[in-house]
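Asker: For reference, the chains in residue letters:
Protein chains: 2
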Amino acid sequence: MAALSMLPGMAAAGQQPGMAGAATVERQVAQPKWEGPPRLKFGVIGINHGHIMGMSDAVMRGGGELAWVYAREPELVKQFTERYPGVKVARSEAEVLDDASVKLVLSAAIPDERGPIGIRVMKAGKDYIADKPGITSLAQLAEVRKVQAETKRIYSIAYSERFENRATVKAGELVKAGAIGKVLQTIGTGPHRAGYKGRPEWFFDVARYGGILVDIASHQADQFLYFTGSTKAEVVASQAGNVHTPQYPKFQDFGDMMLRGNGGTGYVRVDWFTPDGLPTWGDGRLVILGTEGFIEIRKNVDIAGRPGGSHLFLSDQKETKYIDTTNVELPYGRQIVSDVLDRTDTAMPQAHCFLAMQLVLEAQAKAQSPVMKG
Amino acid sequence: MAALSMLPGMAAAGQQPGMAGAATVERQVAQPKWEGPPRLKFGVIGINHGHIMGMSDAVMRGGGELAWVYAREPELVKQFTERYPGVKVARSEAEVLDDASVKLVLSAAIPDERGPIGIRVMKAGKDYIADKPGITSLAQLAEVRKVQAETKRIYSIAYSERFENRATVKAGELVKAGAIGKVLQTIGTGPHRAGYKGRPEWFFDVARYGGILVDIASHQADQFLYFTGSTKAEVVASQAGNVHTPQYPKFQDFGDMMLRGNGGTGYVRVDWFTPDGLPTWGDGRLVILGTEGFIEIRKNVDIAGRPGGSHLFLSDQKETKYIDTTNVELPYGRQIVSDVLDRTDTAMPQAHCFLAMQLVLEAQAKAQSPVMKG
Chain A
1 MAALSMLPGM AAAGQQPGMA GAATVERQVA QPKWEGPPRL KFGVIGINHG HIMGMSDAVM
61 RGGGELAWVY AREPELVKQF TERYPGVKVA RSEAEVLDDA SVKLVLSAAI PDERGPIGIR
121 VMKAGKDYIA DKPGITSLAQ LAEVRKVQAE TKRIYSIAYS ERFENRATVK AGELVKAGAI
181 GKVLQTIGTG PHRAGYKGRP EWFFDVARYG GILVDIASHQ ADQFLYFTGS TKAEVVASQA
241 GNVHTPQYPK FQDFGDMMLR GNGGTGYVRV DWFTPDGLPT WGDGRLVILG TEGFIEIRKN
301 VDIAGRPGGS HLFLSDQKET KYIDTTNVEL PYGRQIVSDV LDRTDTAMPQ AHCFLAMQLV
361 LEAQAKAQSP VMKG
Chain B
1001 MAALSMLPGM AAAGQQPGMA GAATVERQVA QPKWEGPPRL KFGVIGINHG HIMGMSDAVM
1061 RGGGELAWVY AREPELVKQF TERYPGVKVA RSEAEVLDDA SVKLVLSAAI PDERGPIGIR
1121 VMKAGKDYIA DKPGITSLAQ LAEVRKVQAE TKRIYSIAYS ERFENRATVK AGELVKAGAI
1181 GKVLQTIGTG PHRAGYKGRP EWFFDVARYG GILVDIASHQ ADQFLYFTGS TKAEVVASQA
1241 GNVHTPQYPK FQDFGDMMLR GNGGTGYVRV DWFTPDGLPT WGDGRLVILG TEGFIEIRKN
1301 VDIAGRPGGS HLFLSDQKET KYIDTTNVEL PYGRQIVSDV LDRTDTAMPQ AHCFLAMQLV
1361 LEAQAKAQSP VMKG
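Line by line, the protein sequences give chains A and B.
Take 1 as the starting number for the first sequence in my numbering and just add one per residue.
Take 1001 as the starting number for the second sequence in my numbering and just add one per residue.
By construction, these hints were calculated from the structure, which means they are not laboratory data.
Bear in mind that the values here come from a model prediction, so they are computed numbers and not experimental data.
Don't take every hint at face value.
Stretch by stretch, here's where chain A covers chain B in the computed footprint (C-beta under 8 angstroms, at least three residues) [claimed, not checked]:
# : segment
1 : 1046–1054
2 : 1066–1072
3 : 1197–1211
4 : 1237–1248
5 : 1301–1311
Derived lysine-lysine pairs resembling PhoX-like cross-links, with alpha carbons at most 20 angstroms apart [said to hold, decoys possible]:
#  : chain 1 : residue 1 : chain 2 : residue 2
6  : B       : K1318     : A       : K373
7  : B       : K1088     : B       : K1103
8  : A       : K182      : B       : K1103
9  : A       : K232      : B       : K1373
10 : B       : K1232     : B       : K1197
11 : B       : K1088     : A       : K197
Some chain A residues well away from chain B (every beta-carbon gap over 12 angstroms; in silico) [as the list claims (entries may be wrong)]:
#  : residue
12 : R91
13 : H244
14 : F313
C-beta: ideal position from N, C-alpha, C; glycine also.
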């Protein structure tokens, strides 16, 4: 079970084995590698989700050197070291935390362990990047916020649907430049392929992954805050539940939420119903409505259209056009490494990182059933 | 003012003068004309919105003969008779209602007059088709329901974004045939171009047009009920307000709502922010999520893509493909004429027609402000 558990993670990251076409949807455009000597050493603690590879790659592109990996599961460590042959395998978490040369730790442990690991990392004087969801309960969030404020360490969450998607990065530049005026609303949809047979047990346990809004919709909450420029926000309404997966009664297969921030409004829908005929794991979209135009991002696939991923469409007061994002840099890795070295806050403001999780944790806590009563 | 007031209506129907390309987006594929003698005579009372032309055309395609038109505004009557030279101009509403040979009356009067006209039409023993919104208050809805039940007449509302859109009609066939399994959710977006300068006064007065959710989102409420197969539904949350049109403080430029029905859930967003660079009045979309696949409809335009309108995409367990809807018949006109003659309920169940309006009237009544406080 443990040996298989990274594979569905790889699928969720667009790297499903046996689906080579889909596997390269987002990765097909190589990002430039770091030139010159590494800028810092980083370690990895917990590799239960395949996202850890995209996260490690991003930090390496930003000048990081992968020094250590620690995980409880030998099968997962074996897969990881095959992909990263230079990494040292630690015998314990402490061995990573005790290495003073390690400045940054990454984790894609089982979701409910990510917060506690991050707290120990910060208390050990190091910075931290968690896979999303980076926190799975409001109690964890409070503790993480407290320790972060005390230690002044970085607690980042790799919202990969923004940081690792060229069209979304480009949209950020366009919106900042005023291309669509003031942003009024975002609609983010994150459908996912379930692949239930290859999933580990924790995948089905809300207590461990936090629920569908926490798990998946943290991406969309991040993008809502980012594109509306909201620094305060609230949940207007939310739903989450199991509408069509009776074989896993504790699993949540559908969720949605309406959001309202001080910079605009938002809607998010997430689900696990991607059909097998889609050539990637999910037709993720983001529509950004502005006062002077709108942007649509087709993140992973342009259905029955252009090849590849990261599709960006802009309609403004002058024209409607497709924007090629092939040569857009993904800056998160470079920025977070600089933040660690320079004690800056450029990759993602710390308050934003926490507010995105707060929104989905609150949405999850107050979620109604999507199934109508009576 | 009155002379101009039909033009923006024409724009909203995709027929804006001076935008020939946009004008033909949906109309470019000719629907077959009625062959043979007319099946019934119909009259028109109230032509304040250009939708009346699409409605009249649909009924004529279904075998109706346009006998009468009545309107208070001579300028609008002049435009109408230029388009339909054979129509007789009535001197009063009563002249239409008193003609026993007229079986059906259509109206695109100012929205708050459509309900009262329909009540008089039904009491005169005739059937009725209102432009949407067909009812602008919950009190009107109660009275319309009562009179409809007493008279057993048809009170139909021309939800043109379904009835007059080939891709949406085709999607109905696909869903009915089980192409995407059980429908779980619909997301409908209805952005519109404002064209404020050419609009009549009633366009800006919530009391007359009912508010943005009633006015525009009745389309999406209809489609939510239709595609989820819901016969009961409730509003989970709704927002409506003026977020960026300070020059018309009473106008509502943005609205959205979450819906839950006994057949699935829905989300709707409507707005008046279509930019001038879009080659049509609005990039209306409908995404239908099913247990075995999903459908996307790009109703009026495939941005930076294929020409024309009525674009249909299907992703199922086998493949992802574009479906050509060029030769799809729009059956509403034929069906409603048959319903009038045969006393059947095939074009749209009466209960469905009212429930769609009930949903948006309730959403409008409980709508929160989209602007965050504090």
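Asker: Are the hints correct? Go through all of them and say.
Answerer: Here is what the structure says about each hint:
1. 1046–1054: violated (count 0)
2. 1066–1072: Three-residue rule not met by the segment 1066–1072 of chain B, so violated; n is 0.
3. 1197–1211: violated (count 0)
4. 1237–1248: Coverage by chain A holds here, the residue count being 4 at a Cβ distance below 8 angstroms.
5. 1301–1311: holds (count 4)
6. B:K1318 x A:K373: It is violated: about 34 angstroms lies between the C-alpha atoms, which goes past 20 angstroms.
7. B:K1088 x B:K1103: Holds, at about 16 angstroms.
8. A:K182 x B:K1103: violated (51 angstroms)
9. A:K232 x B:K1373: holds (10 angstroms)
10. B:K1232 x B:K1197: Roughly 40 angstroms between the alpha carbons, so the hint for B:K1232 and B:K1197 is violated.
11. B:K1088 x A:K197: Judged against 20 angstroms, a Cα distance of about 69 angstroms means the pair is violated.
12. R91: holds (46 angstroms)
13. H244: It is violated; A:H244 is separated from chain B by about 5 angstroms at its closest Cβ, not greater than 12 angstroms.
14. F313: Given that some Cβ of chain B is not farther than 12 angstroms from that of A:F313, nearest at about 5 angstroms, it is violated.
Going down the numbered hints, you'll see the structure goes against 1, 2, 3, 6, 8, 10, 11, 13 and 14, while the others check out.
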